[in-house]
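Undergrad: Join these two chains into a complex; the hints should help.
Chains as they are written, first to last, in the UniProt record's numbering: chain A, 1 to 179; chain B, 1 to 788.
Some hints could be false.
[To be verified] With a Cα cut of at most 16 Å, we get these calculated EDC-like pairs of lysine to aspartate or glutamate:
(1) K310/B / D54/A
(2) K26/A / E372/B
(3) K21/A / D412/B
(4) K558/B / D544/B
(5) K26/A / E373/B
(6) K347/B / D305/B
(7) K347/B / D82/A
(8) K421/B / E437/B
(9) K297/B / E327/B
Since the hints were derived computationally from the structure, they do not count as laboratory data. All figures in this text were calculated on a predicted structure; none of them were measured in a lab.
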Amino acid sequence: MEQNPKLAFGEINYKNLEQFKVITQKTLPVTYSENFYIKILTYSDFSTLGYYNDIAVGAITARIEEKDGRKTAYIMTFGVLDAYRRLGFGTQLLNELINRIRSHEEIRTIYLHMWVSNEIGFQFYSRHGFEKTTYKKNYYTDIDPPHCYILTKRLYPDVDPPIPYTEEDTEKEQEIAQQ
Amino acid sequence: MKPAQNSLNAKQSGEFKALVKLLDAKDYKKGLRNTEKLLEQVPDNWEVVSLKAIFMYYNDEQQKGLELAKQAVFKNLGSDFCWHIYGLIYKAQKNYIEAVKCFLQAIKKGEENIQLERDTANLQIHTRDFEGNAQLRHKILTKKSNMIVNWIAFIFAQHLIGNYEIAFKAISSAEQLIQKDQQNPIKKVEMNEFKLYQIQLAIDAKDYQKAKQSINAFKNDITDMVAYYELQYDLYIKLGQTQEAVEAAKHLLELQPQNWKYYQLLKKADPQFDLSIYDNTLVQGQLLAEQSGDKFKTNFLKFIDPFFQKSLPSLFREIKHLYKQNEKLDIIRESFESYLNAGPIQKLWALMLLSQHYYQIKQYEKSLQLVEEAITHTPTLHELYLIKAKALHKQEKFKEAYEAADRARQLDLADRYLNNKTIKYALRANMVYLSQELLRMFLRDGSNPYELQMIWFELGVGRTLLRLNYLGPALAQFYLIFKHYQEMYDDQLDFYQFSIRKYTLRSLLQMFDAMDTRYSAKYFIETAGLMIEGLNRLKLKQQDQGKVEQKKLTPKEKKQLQKLQQKQEEEKHLREQFSIEGHIYSNELQKKFDLSGEYLLSQLKTEQDIIKLQNQFAQVLIHTNYHNKEINFQAFKQLVSFYIQQNRPLLSVKLLNKLRNNQTESNKIVNHKYQLMLIQYLNSYKGPQLQYVQEYQQDLNKFDADFWKSVEIKSNLDKIIKSHCEHILQNKAFNVQQLESNDLEFLQEYPNAKTTNPFYTSDPNLEWQNNQISQFQQAQQTQQVSQQ
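Excised from the complex, chain B in its bound form (with noise of 0.2 Å):
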């Protein structure tokens, strides 16, 4: 950084370039204090006033120390020096796009500093600002051409803006100068990620008979012979050329016969293309699925026979596939019937398919049965175990379910599968302690689930939590995974400047895309939709609190409270004495982490700050999208009454799309509700934007009474549910905590219903939880001995 060139005398001028040094060298107690010293020599002095301002930030002052870089920016708006500054406290902040502003401007005020500008344009690549990415990489370029690496960056910023005649001829240059260099030789990865980039840039720019040249030109430079047919393979895609196409993809299959990918390519390349000359057994499974009748038959006998005189274990995952078609349910179910009197291998593996067979076509109770009799016939096989899991599972019976899981884990204890399989089970079975007890078995000591950013395992606990109605250390696990997802985003930053100069342009492009659907996976769009869930459960809590506080209360009331507040307190006991919120770790580490969600819902104190934060939510929420429709539609549900009491119609109009996209048979009916509500909203509506809604404007009656026309009602819920859609179309209110019901799914849709389920209410299940956990805690000790 440039020290300032005003107003200071020798001695001073040297203070400052100290500071400056302590800056760098983040020392930043000692910077504020020396600061302040030259300060009361030169108090007028913008440019020292920044560096106490960037001090000050850093000394837990963030707020004032942005205030104050401000303030000394605008009192002397030359200083490059102080935009500098300025642009830092943003950056630290990780408010990019104000850093590259104040950036720029330091650039501009005439700081001549290469490396800010290289900051600077890593930074507009990572606030996807491809123009001054581009305008800058063309300053750094035109500044030290003789740098191969200015070359590259330049070329990938033309590229990301669409200037492929100006990046094909920065090539040519840079690859003249990558000749010449005869000090740096490139090598030969370098040179293979180079050539083959050059490909995939000709590709881009529609260019296909210069990518062809490329691709025959540069076969020798090139070493990731996968990505070169993968490139190849597109690019005769696109050219029409279908028998070149077919070559490449048999090529890929060549290095790679175990990708199923690859042959789903040959096929689209060629849909005639018989896969059967292909003799594995990936190619002959899934081949099965096209045949039928008595070939079906033979072929299957034919596929299934080696794995059972080889014993593999396998088998069921190479068929599943097959469980779409009915009509080879039978002639499966039989082949495998037909393994049960030779070898005693044979009848475990006859026993453990056939159990997995009925649990495919959900006749849980037979297929508990058969694991049993597995069991039975082989104990030591751990796999039967967690088949017995699953299926206890399905049928909700949770605890059971766990101490299946975990007689496998127990059978292994070396096996990190089984034991995350194991937690999952313990935290249906609401066991969070026990859960974090046996995390730990194979963490490193010291490490713990939250630094290492294990999310399956903190949306588990908060799913947990929110069941048991825990909301604070509910919240504050799904806000720690939403705080992930970020992280995840800006770790990014320092990859960018590292890829160019390794030439891995392409995997950068991948990492672009990888990043900009991040939120399109699973576990985010599963957070988001239980944070959002979460959020409306504080929501009412806090109205009825504000109503008990506002009411004046009679002596029964008082009781009631009273009471209430009893069972409070018993709850929190319970939960210390449990440790249900994570006390297996340390104080510091829950504070850090806020584990408690104390700090959370501290923050969350009026209906406004939740709606704030649901936004938060929401507003990611909304625009992912994940192959799953379940999974979609399970947190896509949660926005519908948030939308139309925020009365947003266009966000609204695309929340019905989502809904209806996300439709299964298992879900029709609930979907139809959300769409009731979403629809009754849109014809209420009459505001400026009425003209995109009015097309979804529709007769409500109508578009009911044709639904329920269409569909069968069969389980307790869907009459709710019909029950409430009615309740909607007359504008009445539905009084969900009337409601009873035992049953999961029913829980689900209406959290605040009676319940006789242990899960909704306080949990019966604590004897046994304790249970559990003494019984863990005990065969840790002896194995501790054992160890030793």
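Just chain A, with the same shape it has in the complex (with noise of 0.2 Å):
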């Protein structure tokens, strides 16, 4: 087994989008609608395969969105195949973009839904500077307990404050949305 395998970046385009298509399939427990894998084609500037020795192994994708008229990038999906995990492609992936987000000033925070039970996603999060900032109720409707945290990593946290921690209820807003 050679030291640090490097991973590759390869740009998701529709050529490849089955390629995508099956890595987070088999990576995350949510299922897509096609018209999904269709939009992260317009993502292209904030998403990459990850390939090791010409395959791929992994993939990121992220999107900017528009918070209290701040800038944040929002992860949408992340996952490395089983087989290729403990590797430290997971870290090459998330480098990538936080290397990509860098270059783009007025983004100063990257954010993303992690399930409440995911352990070992947390672990590797906070890892890499993420903290809990929201506990969302009722985020999924297809998986138990259906809870999810909001992650949020500051890029500059020696000039930005801190984010403080909130909860929020996904059916109330939604009831409330109703009414």
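TA: Structure, rendered in structure tokens:
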């Protein structure tokens, strides 16, 4: 086994979209619609496939959002195939994304949704400077428990202030929205 | 072209010249109109009549045009003009032999036209009339000896008829002329070709001393060193100078270390030569075959390890040749297995190679199991799905094989190879329409496989349609392929003068070889076999229809006939619904290439028509030979009943030899049956060519009994064939229709057997196919959206 195997990165386009689909289906518990995959193609700046020995083994996708007048990056999907875990590929994919985002100084944070029971995931993210910023009840409809955390990473923690921890309930929000 | 000399006044002569210009400008409509006007004034001028003839020919009155041109010639035998026109029509018809005769007459009757002489000489090369070519080239040279191209053409012509002395003399003159001609200096690459050609010429002339001198003298003029050392090798082998031949081969290997052919040349020159000094994967991989036991084991592991470390999925290709040696199989398997517990990539390659290993030793179930494991491990690697498709295909699971191949294709839509592979599996699963859709993805807009002469595709489509018993469209595909092969040859006509002008005479000689053996190609042999088979089926169909028409029908039979017609209607409906006959192409295109076979079938109304077309294919097929015995046999066996029915004793003898030469372990029993049929026919032959046949006549019962003593009957098919042979011996009819089996091999042998196999009756997979088509179309729509 070679030391510190390196990933190569390549864009997701309509010709290799199926590879991204396969990786997502094998690594994430959520089922996405066809439309979601087509949408991914429009976020190509912050999305990438990770290749190990010319084989696609992982992918990360993100889009830029505006929150309270500030720009933030949202990680939509992130996964590495089972057989290729513990080789540092996740870190390499995440660092690649962070590097791309850092070239846009107006983007100050990266956030994502993580299922509450994903202990291993949390360990990984907290190693990379993510914090629990929101506890979101009833976020998922197809997994149990249906709750998630929002994890946020401040890209410039020395400059930007900390983010307060909040709690939300998706069901209640929807009820309010319906009224 | 020279205008007519007699009986025209000045004005008419001017009009005549204008007509000739219209002919050159290909304005045939106006040409015909104006010719007719002129003819009103001079109805007896046969040269004007000639012009009318060729204009008619190009205005879609081919037969009448040819007739008229012939008439004009006979009315005015002395006119070079009439002969010239007559020849032009023959040339347009691609009847080059007749065209040459006419042009020679025109030249003889005095037409001073060096262009005509040159064209005629090129046509003579095309018809391989090398004697005639040499005479004409000589004539041209005497007229214009200051043109270097005429010298080169003359040298080449002398070469072709074996007049080496004259060729060499002419070369000295040509060289002098080249040196003198400062205005058009010869290019370096042309000089290179010319010098190489001279060495080749000396070798062909068996003047090896001259060849040797030339090799030394010309080295500085030669830039194509591969060709140079190949000639050198050839020469030294002929001279028996082993050491020099070895040196030449070594030079070749310096230039092309990955070319296995040159290692073989080296070994041929010196069988003792130790190739292991070449430390590259090609040689080391090949040398593994010569090792055994522990030494093999050590070296095999040493050989495969870099592939695992550097991750090269091509390993299996390098070691496939070792599978001829059974004693190596366990070591190979164990070596692969030793990587199962290394890193993830190593495990992946190990699983993949093991799957290929079991495929190679025909354990398809095990192969599938391993490739499934590999897919679970790394679902993004498209190679795995192709391995899966291959194994499924061997198990005759054609639907699943297509689905696996299509999965590979989807993973990389930019990969043309995956697309083409998927097309092949789609065709095997009887999806003609889908295969056309897939093909279109890699064709430029507006182009089509027929214009592009994509024989592999046409053959696949034809084979599928024949399997589904759509005779018209199937035969149309095979006929198109046949035409491509003719076009391929006729396209050569443009290259003779070009090659002479560019000094690429060696390439031209290679083209001669390639063209003269062009039919001994896999695709052609398969096509011809299938065509003859399809035409046999057409014959049977027509006979059946004839019987039905002649008979007075009982009410019961009438009912049956109605049922049959109803079934045919339904089938037609299905065909249209699933566009099996190629409706992705426009109506014009379908008509242009006769994709429905309608026109072809209209030419095959009688049994005689069918036999005539079969004969066209048979005549070519019988002289072919390909290096795959199975492919040869599958085609040649179609000729057996044809030659017997046609009562062709000599061809039957030739065919018998061909069957014997193409016997393999797997076709042995079927092959015997056909040999038996041929010998039985030859035994009964008593005609004028008896003396040639006698040698092959023998005691049939003994021949058959001896054979069955030597083989083991394994399958149901073997049993049926044995019983078939008994019928042949007793001259009794063998009822194929009553046979039943599901086995594909069986159906290949007895396509008219009753069967439960889907592919030989109507296809029960239509629903699945329809599903695949709509899935494909949906995916395409999404892709179009995503591309925007």
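Undergrad: A separate judgement is required for each hint: does it hold in the structure or not?
TA: Going down the list of hints, with the structure as the test:
The suggested pairing of K310/B with D54/A holds, with an alpha-carbon distance near 11 Å, which does not exceed 16 Å. Using a Cα cut-off of 16 Å, the hinted pair K26/A and E372/B holds, with the two alpha carbons roughly 15 Å apart. Proximity of K21/A to D412/B is assessed by CA-CA distance (about 12 Å); at most 16 Å being required, the pair is judged to hold. For the hint linking K558/B to D544/B, the alpha-carbon distance of about 15 Å falls within 16 Å, and the restraint holds.
A C-alpha spacing of about 14 Å is found between K26/A and E373/B, which places the hinted pair at or below 16 Å, so the restraint holds. Restraint check: the Cα-Cα separation between K347/B and D305/B comes to about 13 Å, which is no more than 16 Å; the hinted pair holds. Restraint check for K347/B and D82/A: satisfied, since their Cα atoms lie roughly 13 Å apart, inside the 16 Å limit. Distance hint between K421/B and E437/B is fulfilled; the C-alpha atoms sit about 14 Å from each other, no more than 16 Å.
As the CA atoms of K297/B and E327/B are separated by approximately 11 Å, the hinted pair is consistent with the 16 Å bound.
This entry satisfies every hint, going by the numbered hints stated previously.
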